[in-house]
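Participant: Below, each chain spelled out in residue letters.
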Amino acid sequence: MTRRLLSLLLLTIGVAVLAQATPALAVTGQGSVSRDTAIKQLRAASVSIDQSLALMKAGRREQAFEISKSGYLKHFELVEIPLRAANAGLTLKAEEKFAEIRAGMRTGASTSDVRASVIELRGLVTDAERQLTSKGIAAPSVVFGQSFIIMLREGLEAVLLLAILFGYLESTKNGQYRKHILCGVGAAAVATVASIFLIDQLFSVLPFGREVLEAITALLAVVVLFYVSFWLIARLEQRRWLEFLKARIWTAVSAGSAVSLVLIGFTSVYREGFESVLFYQALNTFGQGLGIWIAAGAAAGAAVLAVLATLIFKYGRKLPIKVFLTTAVCFVMATSVAFLGNAISALQVADVLSFTRLDSWPHLPIFLAQATGYSPTQETVIAQALLAAVYIGGAIWVFGIRPLRQRSATPAKPAKAAAPTPATAEMKSS
Amino acid sequence: MERLRYLFALGCACAASTSLIACGDSKDENGAAATTTAAPETVFAPDAKVAAGLKDLAQVAVAVSTQTDPTASKKTAEGLEGHWAPVEGTVKRNEPDMYATIEEDLSLLESGDAAKTKTGAAEIGRTVHAYIAKHPG
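In order, the protein sequence lines correspond to chains A and B. So the first sequence is numbered by our numbering: it starts at 1 and just counts up by one. So the second sequence is numbered by our numbering: it starts at 1 and just counts up by one.
To be clear, the hints were calculated from the coordinates, so they are not data collected in a lab. Zero decoy hints are in this set.
A short list of chain B residues far from chain A (calculated; beta carbon distances all over 10 Å):
id: 1; residue: D47
id: 2; residue: A48
id: 3; residue: V62
id: 4; residue: D69
id: 5; residue: K74
id: 6; residue: G79
id: 7; residue: G112
id: 8; residue: K134
The list that follows gives simulated cross-link-like pairs (lysine-lysine, BS3-like), each with its CA atoms no further than 30 Å apart:
id: 9; chain 1: B; residue 1: K55; chain 2: B; residue 2: K75
id: 10; chain 1: A; residue 1: K74; chain 2: A; residue 2: K97
id: 11; chain 1: B; residue 1: K134; chain 2: A; residue 2: K74
id: 12; chain 1: A; residue 1: K74; chain 2: B; residue 2: K55
id: 13; chain 1: B; residue 1: K49; chain 2: A; residue 2: K93
id: 14; chain 1: A; residue 1: K40; chain 2: A; residue 2: K57
id: 15; chain 1: A; residue 1: K93; chain 2: B; residue 2: K118
id: 16; chain 1: B; residue 1: K75; chain 2: A; residue 2: K97
id: 17; chain 1: B; residue 1: K75; chain 2: A; residue 2: K93
id: 18; chain 1: B; residue 1: K74; chain 2: A; residue 2: K97
id: 19; chain 1: B; residue 1: K55; chain 2: A; residue 2: K97
id: 20; chain 1: A; residue 1: K74; chain 2: B; residue 2: K49
id: 21; chain 1: A; residue 1: K173; chain 2: A; residue 2: K246
id: 22; chain 1: A; residue 1: K97; chain 2: B; residue 2: K49
Computed footprint of chain B on chain A, listed as stretches where at least three residues anywhere in the stretch have a Cβ under 8 Å from a Cβ of chain B:
id: 23; stretch: 66 to 76
id: 24; stretch: 100 to 112
For every residue, glycine included, the Cβ atom is placed at its ideal position computed from N, Cα and C.
Using the sequences provided together with the hints, build the complete structure.
Facilitator: Below, the structure is given as structure tokens:
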């Protein structure tokens, strides 16, 4: 009965969330142009920008100029009315950039100069679409969920690892070394915060455009997310990492090296911390305008993590960690698919990757499109579909085919001896 | 009892979905819906006023093009918008191509580059002349 009630509640909330995604497009009109019409016109203007750049590259300057001019007069001029009410400065900037591109085409500017202006204009058009689109409830829910899961999962990984290390110290009668490891944990927390600023600094000196940097961040995040979540790699890697840390602890304890123990505490936590910084960097980049929801997700994740950490360390309670980690991995995988879509889109905006528009495919409101990484171009859709297929294939292999093969190949073995603590045992098996 | 629990859950579900819809029904998260600013493109002026405004615009354009220092050139170019904004709506309605050309020239004039400002000033002079010939004040 309770399950049925819960299902009903979730279903109703789900319907409400989906219902909210559509009104996000239809916002109040301003003058004679409604905002949803303005968004359609903005997309048409965006197409004209891309066409004119392609024509410039093909050496057809005059046609490029005509397309650019008609795109501006027929489409962007209609956008200006509601956009000016929302953000007059942005309207003026976009207007000037359109004029600059046309002037460049007319007065013989080089293709690379025009290309640079077009890339800037694409960024302004995206900003304009954000200004004209209501956030709704779906996009904030998605980024809140992504942020929550990243914080909770990465934090829980660190907590479980520490629980194993502490359990190991206790079982070898070396509990007095706990404080050294905790010093390392503290240092890792400081280093994680410092990494946020360092990455920002690093990005500010790199000789790439904003879009390319966004793409690099997202691609790095995808690689790390794939590495930590894809079952075939993650399980092996987790075991290796644990064995490595245990061996290091054993050596450090044998030699009585406090510094080594501090370093072990540092590396075991900073690894998760750095991953989190990278994921949040990507999440922030593509969650522009939704920062408050990302922060709320992180705060909620941290609060739940604090409760779980207390339960694990203080009471050693048996928690359904395995269920959580398996569920979280699914969300993490979905997040990596979203990041990949955003990375491809950013490279397309930067004119590093070409794109083939899927004209008949629907557009999502911009905030939801960024939260899911969906963009109706062949390249983004194929890349996302391939990554999703790898995950699904991996899941079928790990949870379906491999257990079947193992069951049919080997006779049942007696159960192994119990692991140190229930929670840590669950981590090993996950 | 079960029925009561079911009704309670249904009520909770309705309340939750209503509050979600209410949260999402942000009138305008950019705070723009309430303001109704007259966009320059929607402001129309009589031909005499437009002709006078365009002549002033052309004069400022010449002043910009005579500046040799890029900073001074950009500073002078800031005065262009004041002459253009009151008349651009009328120019756009009457002659969209000329309107687009003037905007391109303004972009050249605002660049601070000597060669570009000269091109922009010369072109804006021609366009203004052509416009006034078609729509005398």
